[in-house]
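Please build the complete structure, drawing on both the sequences and the hints.
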Amino acid sequence: MPDALVTANGLETHFVARGSFAQRLMGRSHGTVRAVDGVTLEIAPGEVFGLVGESGSGKTTLGRTLLKLAQPTAGSITFEGVDITEFDEDKMRPLRRRMQLVYQDPNASLNPAMRILDAVAHPLAIHELASSRADARAQVVDILERVGLSPPETFLDKYPDDLSGGQKQRVAIARALITSPSFLVLDEPVAMLDMSVRARVLELLISLREQFNLTYLFITHDLATAKFLCDRIAIMYLGKIVEVGSSQAIYAAPKHPYTQSLLAAIPQPDPSKRESPVLPRGEIPDASHPPAGCRFHPRCPQAVASCGWQPVDLADAIEERWAGTSEDRFETERKLLSSMTLGERRLTASVPGQTVETKQLLETVLASRPGMRQATGDVAVEGDEVVVRFPEPEEPPLRPVENRDVACVLYPPS
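Under my numbering, the letters of the sequence shown match residues 1197 to 1610, in that order.
Keep in mind that a hint or two might mislead.
[Said to hold, decoys possible] Under the rule of at most 25 angstroms between Cα atoms (straight-line distance), these lysine to any residue pairs were calculated in the SDA-like manner:
1) K1287 - R1311
2) K1531 - E1559
3) K1423 - S1403
4) K1354 - S1378
5) K1287 - D1301
6) K1555 - P1587
7) K1423 - A1460
8) K1287 - E1324
9) K1531 - W1518
10) K1354 - K1287
11) K1531 - V1500
Simulated from the structure, these hints should not be mistaken for lab results.
Structure, rendered in structure tokens:
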């Protein structure tokens, strides 16, 4: 996309996890959080580009990194044809007026001690965009009118606590627009609002896009909202883009199992069309220790042998089994696996004289994960040890699939 307004190429944003006070005192590393891990995307001028995923998927960090509010660890960012990856804050300051952020919670983004006039006019003072106080006031009145706060003069001397949630978010939008930006990152802008207000704010964003020729990065966990507003959608999971395409194509026929799960979670008002959704298991993993291969595979209802299984996945399946079993069975099985060790590519349990029982237990657990069972093959008995071996994992890249790109082993290269 040669005329893209915003591009990211191989973008990474990692943070060092500090851990507890005791861990820091003893000099122990707590790992690196891979919030954004190799993202490539392009956003065209005038486009509404949706970024959808669960909490913890890295959506907000990606948006902040594109604005250089979070510093990238690797990769590149281009804005309006200029590579801004290495720009320091002095070089970024002139660009700030052209790229703005609307936060999820207006209560946190608006200073409760500032009048609405002062809050909205503040960016004008920072960027020296008003010739006088009267000029600043006139610009604030105009932008408040455009975001639907009318008559605007009645809001100038009010404070955030005097406004409703929807009105506060309109003020936050007005503050972002007053510098005449070309690019807005909208970080869950309606998530904190009442359902009765959300639709009106979304309609306002559509209207403002047309009035000001804006480009949006719209961050949300709600695929239905993204379909309403966005031209294209990228599905993000644990720092990676797993599917990207037009909103109509993704909503009509999602390809990645994670996208399918997000769509299945949307409430269906028509009883005749309701189906029992196949939802992912458990919670999103720790971004400081992401799964190998496809990062969704431990939770995926369609996981197969080539998804990237690890010994830790088998250990997690054992713990899940124990969570739903009797105390007697738990004690019996725990003794069989008391010496279990996890290597990079193998799980080993050593119980002299009970290798048959240990092998049967591991085979039973593997049977609960057909994809993992196919990946590991036979459980081996080697002397007094029972061994489960795992193949080298491969991470699936984004590949063209019909009318979108998907990162999933279910869609191998053609």
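Violated constraints from the hint list, given by number and in increasing order: 1, 4, 5, 10, 11
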